[in-house]
Amino acid sequence: MEETLKIVVLVKHVPDAQFDRHLNGAGNTVDRDESILSELDEYALEAALQLAEARGGSKAGNQVIALSMGPSGAVNAVKKALQMGATEGVHLTDDALEGSDAAATSLALAAAVRHLGGVDLVLTGMASTDGETSLVPAQLAERLGLPQVTFASTLEVDGGRLTARRDADTSSETVEAPLPAVVSVTDQINEPRYPNFKGIIAAKRKSITTLSLADIGVDPAQVGFAGSWTSVGSAEQRPPRTAGTIITDEGDAGIKLVDFLAAQKLL
Amino acid sequence: MAKVLVFIDNPGASLKKSSLELLTLARSLGGSTVALNGDLSDGVAATFAEYGVESILRPSAQDLDDFLVAPKAAYVAAAAEASGAGIVLLDNSPEGKEIAARVGIRLNAGVITDVVAVDPDGTAHKSVLAGSYNTACKASTAVSVLTLKANNVIPEPASAPTTPESATVEVPAVAAAARITAREQKVASGRPDLTDARIVVAGGRGMDGDFGPVEELADALGAAVGASRAATDAGWISHDAQVGQTGKTVSPQLYISAGISGAIQQKAGMQTSQVIVAVNKDAESPVFEIADFGIIGDVFDVLPQAAAEIKKRKG
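Taken in order, these protein sequences are the chains called A and B.
When the first sequence is numbered by this note's numbering, its final residue is 412 and no position is left out of the sequence of numbers.
When the second sequence is numbered by this note's numbering, its final residue is 324 and no position is left out of the sequence of numbers.
Just so you know, these hints were derived from the structure itself, not from any lab.
Everything hinted at is true.
Derived list of chain B stretches under chain A, where covered just means 3 residues or more per stretch with a C-beta under 8 angstroms from a C-beta of chain A:
| hint | region |
| --- | --- |
| 1 | 194-200 |
| 2 | 276-290 |
Straight-line distance between alpha carbons at most 30 angstroms, and here's what the computed DSBU-like set of lysine-lysine pairs gives:
| hint | chain 1 | residue 1 | chain 2 | residue 2 |
| --- | --- | --- | --- | --- |
| 3 | A | K343 | A | K151 |
| 4 | B | K290 | B | K257 |
| 5 | A | K410 | B | K323 |
| 6 | A | K204 | A | K343 |
| 7 | B | K290 | B | K323 |
| 8 | A | K410 | B | K321 |
| 9 | A | K410 | B | K26 |
| 10 | B | K290 | B | K320 |
| 11 | A | K410 | B | K320 |
| 12 | A | K151 | A | K349 |
| 13 | B | K26 | B | K320 |
| 14 | A | K351 | A | K151 |
| 15 | B | K12 | B | K147 |
| 16 | B | K321 | B | K26 |
| 17 | B | K25 | B | K12 |
| 18 | B | K26 | B | K147 |
| 19 | B | K26 | B | K195 |
| 20 | B | K323 | A | K401 |
| 21 | B | K195 | B | K257 |
| 22 | B | K25 | B | K320 |
| 23 | A | K410 | B | K290 |
| 24 | A | K410 | B | K257 |
| 25 | B | K25 | B | K195 |
| 26 | B | K290 | A | K401 |
| 27 | A | K401 | B | K320 |
| 28 | B | K320 | B | K257 |
| 29 | B | K257 | B | K147 |
| 30 | A | K401 | B | K321 |
| 31 | B | K25 | A | K410 |
| 32 | B | K195 | B | K320 |
| 33 | B | K25 | B | K323 |
Backbone N, C-alpha and C define an ideal beta-carbon position, used for all residues, glycine too.
Work out the full structure: start from the sequences and follow the hints.
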C-alpha cells in the first residue's frame, strides 16, 4: 500500500504576458487586472496530480490543494487549478497583504502551509512569469525549515523520500530529500493537461476556502507594504525599443552585418 | 562606507568575469570581504589581492557541495555576521538567487535580485516585466542582499593590491537539506556561459534542424549559443540554451537572432540586450520591431558569409 500524499501547489495569478504589463500606484506594484494562472505553475499542478493519481487519487485520500495568495482576482488561478483536477482550493486574502515583497509573501504562505497541517510536499513552478525573482519558494523552505529541490525535471516519491533530477548548466544531478519538502519543477517535467468539460463541471462542486491573516495567525504589521523589507522607490517605463535599419539581402548582407558590428565596435 | 561580503562559489583555477564584476562593485561600495566555498588556487588568491579584497573567509565544513543550497546559505549568513557586512553580493544565477533568498530570511534582510547598478546609499537599480520598466529598489533592513546581473559592471583591479587576511567561519547545522546523490558533468562546449556572455548568437525555428551556421558564427565572435523554445523543444539543441520567459534571461552587449520570429516569450528573455541584430526571411517577423539592424534574408546564406568575413578581418 502506497502512502497517501497531501500536496500543496502554489498557484499565482499573473498579468497575461501576451499584453502590455504595467506597474501602478504608490508602491509601484504590478497591475493584475487582466490576470491568468501563471503558465509555469501548471507544470507543478500536473506533477501533483500525477503523484496523487498514482496513489489512487482523492478516493484513496490523496489531497492536491491549490493555494493562492492575493486580492479577489487570485481566486481565478485557484478555479483554473480546480478545473485541471486539484481536490480543493485555498485563497489567502487580506487587505493588509497588499504590497508584500518576497519575504512578507513567504511569511504568510509559510503560516498558511502550517495552518493546513500535515503537508508532505509543497510544489511550485520554476518562477513566476511576472516578478521573476524566484525568491518565494526558497524563502518558504527556509522559514519552514524544509529541504528544497529546485528545477526538478523528474520527481518520484517513495517511502517518505523524494528523488528528483535537476539539470544545471554544467551538470545533471540526482537529488534525494526526506519529506516534507518544497520542490519547484521545470517545464520539462510533464505536459500539463487542459481542463476538460467533466473537470470544469466537477470544479463547480469543489470548495474554495478563504483564509484571512487572522485565520492563520499572522500579525498584519508583518506583511504588506509595512512588513516588507524591500520597497520600489521609483519606476520608469523604458521607452520601447524602436526598429533600426532593416535591409533585404542582395547577396552581401553577411558583409553588411559585419560592417555594422565593426561600426558599433562589437568585433 | 558599507562593508560588503561577496560570495564566490568554487572558482576553480581562475575567477569568472561575473565574479570580477562582483569584486569591482563591492570595492566601489566599501571594504570587501570574500566568503569563498571550495579550493583557493594561487591564481584566484592573486586575483583577490589585485581586486582589493581585504579578507577571505572559508567555511569550517568541506561538504557544502554535497547538498542543495541550504548549507551554503547558512555559511553565507554566518560569514555576513562575522564580517559585519551591510551588503551581501551574489551572482544572479538561479543558485545565487536561491542562496540569496535563504540568506535574507536568516539575516532578516531584504533581498533584491537582477540588480544592474548600486548607488552608494544601497539603492539598487533593476529592470522588471521583461525590461519594460526600470526601477530603483531599496531594502529597509540593516543588511541588504543583492544579486548582480552579469555584464553591467566593467571589471577593474584596485589601484593598489591588498594582502587579504584569512579566517574560517563555522557553518551552522541545517535541519534538513536535499542531498546530491549523483552528479554527471556535461561535456564543456568551450563557449562562454550563456547568462554572462558578452555576445549571444541564437537560433530558432528557421534553422530547420541545423545549428551549424549559428555555432560557426558564435565561434567566430567568441559568443555563446542560444535558442528559442521552438528549437529546444524540437531537440535541435540542448534545453540549457533556451532564451526566453521559460528559459534564460540574457542581456549581452550584442544579441544576434537567427531564424527566430521573436514572439513575446522570446523577447522577454533578450530585449534588454544592448544591441540586437536579427536575420529572418520573413519580413513580418516581430523581431524586426526591436532590432537595431535587421536583415531580411536566408540564415543559411547570411550567417556563413558573416562568419567568413569576421575570420578574414580578424586575420
